[in-house]
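2 protein chains.
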Amino acid sequence: MVIKGDILFTKNKDDFEIYENGFLIIEDGKVKAVQQEYLGTEKIIDRTGNLILPTFVDLHLHANQYANCGLGNDEELLTWLEKYTYPEEVKFKDLTYAEEIYKEVLTKLWEAGSLRSVIYASLYKEASDLMFKLTIDSGLSAYVGKVNMDRNTPDFYIESTEDSINFSEELIKKYKDNELVKPIITPRFVPHCTVESMKGQGKLAKEYDVPVQSHMNESLAENAWVTQLHPEYKTSTEVFEKYGLFGSSSKTIMAHCIHNTKEELDLMKKRNFYPVHCPESNANLTSGIMDVKGMLEAGIPVSIGSDISGGHHIFMPNQIVLAIQLSKMKARMEDDLSRVLTLSEVFYMATKSGGSFFGETGSFEEGYSADFLVIDTRSIMAPRENRTPVERLEKFLYLGSQNNIIEKFLQGKKIDRPFKD
Amino acid sequence: MVIKGDILFTKNKDDFEIYENGFLIIEDGKVKAVQQEYLGTEKIIDRTGNLILPTFVDLHLHANQYANCGLGNDEELLTWLEKYTYPEEVKFKDLTYAEEIYKEVLTKLWEAGSLRSVIYASLYKEASDLMFKLTIDSGLSAYVGKVNMDRNTPDFYIESTEDSINFSEELIKKYKDNELVKPIITPRFVPHCTVESMKGQGKLAKEYDVPVQSHMNESLAENAWVTQLHPEYKTSTEVFEKYGLFGSSSKTIMAHCIHNTKEELDLMKKRNFYPVHCPESNANLTSGIMDVKGMLEAGIPVSIGSDISGGHHIFMPNQIVLAIQLSKMKARMEDDLSRVLTLSEVFYMATKSGGSFFGETGSFEEGYSADFLVIDTRSIMAPRENRTPVERLEKFLYLGSQNNIIEKFLQGKKIDRPFKD
Chain B
1 MVIKGDILFT KNKDDFEIYE NGFLIIEDGK VKAVQQEYLG TEKIIDRTGN
51 LILPTFVDLH LHANQYANCG LGNDEELLTW LEKYTYPEEV KFKDLTYAEE
101 IYKEVLTKLW EAGSLRSVIY ASLYKEASDL MFKLTIDSGL SAYVGKVNMD
151 RNTPDFYIES TEDSINFSEE LIKKYKDNEL VKPIITPRFV PHCTVESMKG
201 QGKLAKEYDV PVQSHMNESL AENAWVTQLH PEYKTSTEVF EKYGLFGSSS
251 KTIMAHCIHN TKEELDLMKK RNFYPVHCPE SNANLTSGIM DVKGMLEAGI
301 PVSIGSDISG GHHIFMPNQI VLAIQLSKMK ARMEDDLSRV LTLSEVFYMA
351 TKSGGSFFGE TGSFEEGYSA DFLVIDTRSI MAPRENRTPV ERLEKFLYLG
401 SQNNIIEKFL QGKKIDRPFK D
Chain C
1 MVIKGDILFT KNKDDFEIYE NGFLIIEDGK VKAVQQEYLG TEKIIDRTGN
51 LILPTFVDLH LHANQYANCG LGNDEELLTW LEKYTYPEEV KFKDLTYAEE
101 IYKEVLTKLW EAGSLRSVIY ASLYKEASDL MFKLTIDSGL SAYVGKVNMD
151 RNTPDFYIES TEDSINFSEE LIKKYKDNEL VKPIITPRFV PHCTVESMKG
201 QGKLAKEYDV PVQSHMNESL AENAWVTQLH PEYKTSTEVF EKYGLFGSSS
251 KTIMAHCIHN TKEELDLMKK RNFYPVHCPE SNANLTSGIM DVKGMLEAGI
301 PVSIGSDISG GHHIFMPNQI VLAIQLSKMK ARMEDDLSRV LTLSEVFYMA
351 TKSGGSFFGE TGSFEEGYSA DFLVIDTRSI MAPRENRTPV ERLEKFLYLG
401 SQNNIIEKFL QGKKIDRPFK D
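Those protein sequences? They're chains B and C, same order as listed. Everything in the first sequence is counted per the numbering used here, starting at 1 for the first residue and increasing by one. Everything in the second sequence is counted per the numbering used here, starting at 1 for the first residue and increasing by one.
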C-alpha cells in the first residue's frame with residue numbers, strides 16, 4: 001500500500017519530519033518507509049494536497065463521564081466528583097444506557113482520529129465487560145480499565161475489596177490476549193483504594209504483566225487527603241510504589257502529575273512510567289499547570305489526555321493547543337519564556353510519545369504500526385491562502401475540527417464509522 | 001413579534017435571567033418584555049426546546065489579519081507583528097483580495113452569531129472604505145476603523161501623518177450617519193503614532209464625537225517601548241489621555257490592558273472607557289492574563305474580543321471558555337480561588353457589557369435592541385441527556401459550534417447569510 005500526500009510526523013520532540021508530496025509505504029500493516037519519490041509499481045492511493053499524519057493517541061479518558069462533558073465547570077476536583085461525576089457513573093448499572101453512551105464515545109473517538117486510547121470504563125464489571133466488547137466491535141485500539149474503588153466514595157457507589165480484585169482478574173483473563181483491545185488495572189486514585197485493594201492490584205499487575213493506570217498529584221486537596229490517609233508516606237508515588245503500582249513490574253500511566261516533589265520526579269525517570277498531561281481538565285478544575293517541559297527534558301514519556309469529562313473535547317487538537325497556551329501562561333508568570341512548549345513538542349506528545357505506550361505506534365518510522373489520518377484543510381483556509389505543510393498542520397490544530405479528517409487507518413486498514421446501523 | 005423558547009440573558013454579571021419556555025416580545029426592533037406567559041393574540045414563533053440568547057458582541061478584531069488565524073503561535077507580540085502580520089496586512093492594497101477576505105470575515109461573524117463587532121479594517125483608505133460598504137451590505141452592525149500608523153513600522157507599510165488624519169476624517173464624514181455601521185478612530189498603538197498624529201486623532205474624536213479604539217498594556221516589551229519613546233510619560237494611558245484618546249471626549253476601547261498600574265486603573269474608572277479582554281490572543285502571544293475580575297468589581301465595562309488573528313477563533317464561546325480557564329490558572333498561581341470568573345460573568349461580558357458600547361444592546365431588558373440567536377443544542381447532547389437551560393447554555397459554550405446557531409436576528413429582523421451569490 002502506497003499513499004501520496006504531505007506527510008508529517010515527529011521522530012523526536014524537536015523537529016517535524018516533512019515529506020511534501022511524499023509517499024508513505026506500508027507492508028503488513030506497518031510502515032516500510034516514507035520517501036520523497038516512489039519508483040515502485042504498486043497502485044498509489046493519491047491524497048495529494050492533503051496532510052497525512054499519525055493518528056492521535058489519547059492516554060486518559062473516562063467513557064462513563066461522557067454525558068457530563070462541558071458541565072460543572074464552576075467546581076474544583078473533589079466537589080466536582082461528588083456533585084457531578086458519581087451520580088452519572090452510577091447510571092452504568094443500566095447496561096442499555098451504558099451501551100448507548102459507550103457507542104457514542106467510541107464514535108466520537110473515531111471521528112476525532114484518536115484511534116488508540118486508554119479508557120476508564122466503569123466501576124461495574126458488567127459495564128466494563130460491555131466496553132471491552134464494544135471497543136473490539138468498533139475496530140479501534142484501546143486499553144480498557146475496570147475502575148476499582150473500595151473506600152471513601154458515596155454509599156451508593158462503592159464495591160468490596162474482593163470484588164475489585166476478582167472482577168479485575170476476571171476481565172484480565174478474558175481479554176489479555178486480544179490484539180487491539182487490552183485490559184489495564186485501574187485503581188481510581190489512592191484515596192479510593194484500601195491498602196488491601198492496592199496490594200491485590202499490584203499482585204495482578206505482576207502476575208499477568210498487565211499495565212496500570214491511575215490519577216495522582218492533580219490537586220493540592222487530593223495530596224493533603226493522601227497524606228492524611230497514609231501518614232507513613234509523603235506522596236501518592238510512595239504509596240503506589242509500595243504496592244507495585246508505579247511502573248516497577250509493568251508500565252504505568254498516571255494522569256495529571258501536576259504537584260510533584262523532586263523525589264517523585266526522580267522515581268518517574270527510573271520506572272516504566274507514563275505521566276499524562278490533561279490541559280483542559282486541569283484548567284477546568286483549577287488544578288494547576290503541569291511542568292510538561294521539565295518532563296520532556298528529563299526524557300519522561302509524557303503525553304496528552306482529553307480526560308473526558310474533566311476535559312470536554314475528545315478532539316485532541318483542542319488539547320494540543322491548550323497545552324501550548326497553558327505552558328505560555330506558566331512561562332509568563334514565572335518569567336521564563338524558555339519554558340514555552342513548541343508545536344512539535346506537543347504534537348510529539350499526542351502521537352509518538354503517547355503511542356509508545358502501545359509499542360511502535362504514533363510515528364512513521366520503519367516498523368511502526370501504519371496508523372494514520374488523511375486531513376483536508378481546505379475548509380479552514382482563507383481565500384487564496386497557500387501554506388507549507390507545517391503551517392497547514394498548525395492551522396488544522398488551531399482551527400480545524402473532526403470534519404477535516406477525511407480518512408482514518410489503523411494498522412494500514414481503513415476504519416469506517418462504527419455502529420452505523 | 002413573539003418568540004417562544006428557553007430564554008437566557010444577564011442583566012448583571014452575577015445572575016442569569018432564565019425563562020424556560022418563555023416568551024420574548026418584540027416591538028419596532030426592540031425588546032418590549034420577556035415573560036413566562038403570553039396571553040396576547042400575535043402569532044407565536046415557536047422555538048420550544050431551543051435556547052434564545054442575546055447575540056455575541058466582539059469588541060476587538062482585525063479583519064485584515066484573518067488569513068493568519070492559527071499561524072505563527074511560536075512568536076511574541078513584537079516579532080509576530082514583523083514576521084506575520086505586516087506582510088499580510090500590506091496585501092490589502094489589492095482591493096480584489098481585500099474584498100474576498102472581508103466578505104469571508106463578515107460571513108464568519110454572521111455564522112458565529114457575533115452580529116455586532118468593532119473592527120480594524122486596514123491602513124489603506126480604499127480598503128477601509130470597502131470594509132464599510134461590505135459591512136453595510138452584510139446587514140451586520142459594526143464600528144469600522146481605518147488603522148493609523150505613521151512611525152516605527154516597516155518602510156513598505158506606513159503612511160504620512162497627514163494621510164492618517166485626512167483619510168480618517170474623510171471616512172468619518174462619509175459614514176458617521178449610518179445607523180448600523182459607524183466609524184471609529186483607530187490609532188494602532190502608541191509606538192505606531194507620532195505625537196502629531198495622536199493630536200490630530202484626538203481632535204477628530206472631539207470634533208465629530210466619534211469613538212476611539214487602540215491597544216495598550218498588552219506586553220511588557222510594548223510598555224518598555226512606550227516609555228522609551230515618551231520618557232516624559234509613565235504609561236500609554238498618560239500618552240493617550242494627553243492627546244484626548246482615553247475616553248475623555250468620546251468613548252474609547254482599549255484592547256488587552258493586562259499590565260496596568262494602579263493609576264491607570266483609577267483613570268479607566270473615571271473615563272468613558274471599555275477595556276477588552278482577548279484571552280486567546282493573550283495566551284497565543286504569551287502576553288499574560290488580565291485581571292478581569294478586578295475590572296468587573298470596579299464596575300469598568302470590560303468585555304471580550306476575538307482579536308483575530310492574535311486569537312484564532314471568531315466564535316465567541318471559544319473566547320468565553322478560555323477567559324474562564326485563564327482566570328482559573330491565574331487564581332491557582334496566585335492561590336486565591338475567589339478570583340475565578342464565573343459563567344455568568346463571562347457571558348455578561350460577551351453580551352451586555354460589550355453590547356453597552358453600542359447602546360442598549362446585549363440584553364433582553366425593555367427597550368434593548370432585539371438582537372438574538374436561536375440555539376439548537378441537540379447535536380451536542382449525549383443519549384438521553386436532559387438538562388436545564390443554564391446547563392444547556394454551558395454545554396453550548398463549551399462544546400458547541402457555529403452549527404448550533406440556527407437563526408440570527410438583529411433589531412428584530414432575521415439576518416440571512418451575507419454574500420450568498
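Careful: at least some of the hints might be erroneous.
As the list claims (entries may be wrong) - Result set (DSBU-like, lysine-lysine): computed pairs, CA atoms no more than 30 angstroms apart in a straight line: (1) C/83 <-> B/13; (2) B/83 <-> C/13; (3) B/293 <-> C/206; (4) C/83 <-> B/11; (5) C/413 <-> C/13; (6) C/30 <-> C/11; (7) C/293 <-> B/83; (8) C/13 <-> C/43; (9) C/242 <-> B/83; (10) B/251 <-> B/262.
Hints are computed from structural coordinates only; laboratory data are not their basis.
Cross-check of the supplied hints:
no. : hint            : in the structure
1   : C/83 <-> B/13   : holds, 24 angstroms
2   : B/83 <-> C/13   : holds, 24 angstroms
3   : B/293 <-> C/206 : violated, 51 angstroms
4   : C/83 <-> B/11   : holds, 28 angstroms
5   : C/413 <-> C/13  : holds, 27 angstroms
6   : C/30 <-> C/11   : holds, 16 angstroms
7   : C/293 <-> B/83  : holds, 26 angstroms
8   : C/13 <-> C/43   : violated, 33 angstroms
9   : C/242 <-> B/83  : violated, 53 angstroms
10  : B/251 <-> B/262 : holds, 21 angstroms
Of the numbered hints stated above, those contradicted by the structure are hints 3, 8 and 9, listed in ascending order.
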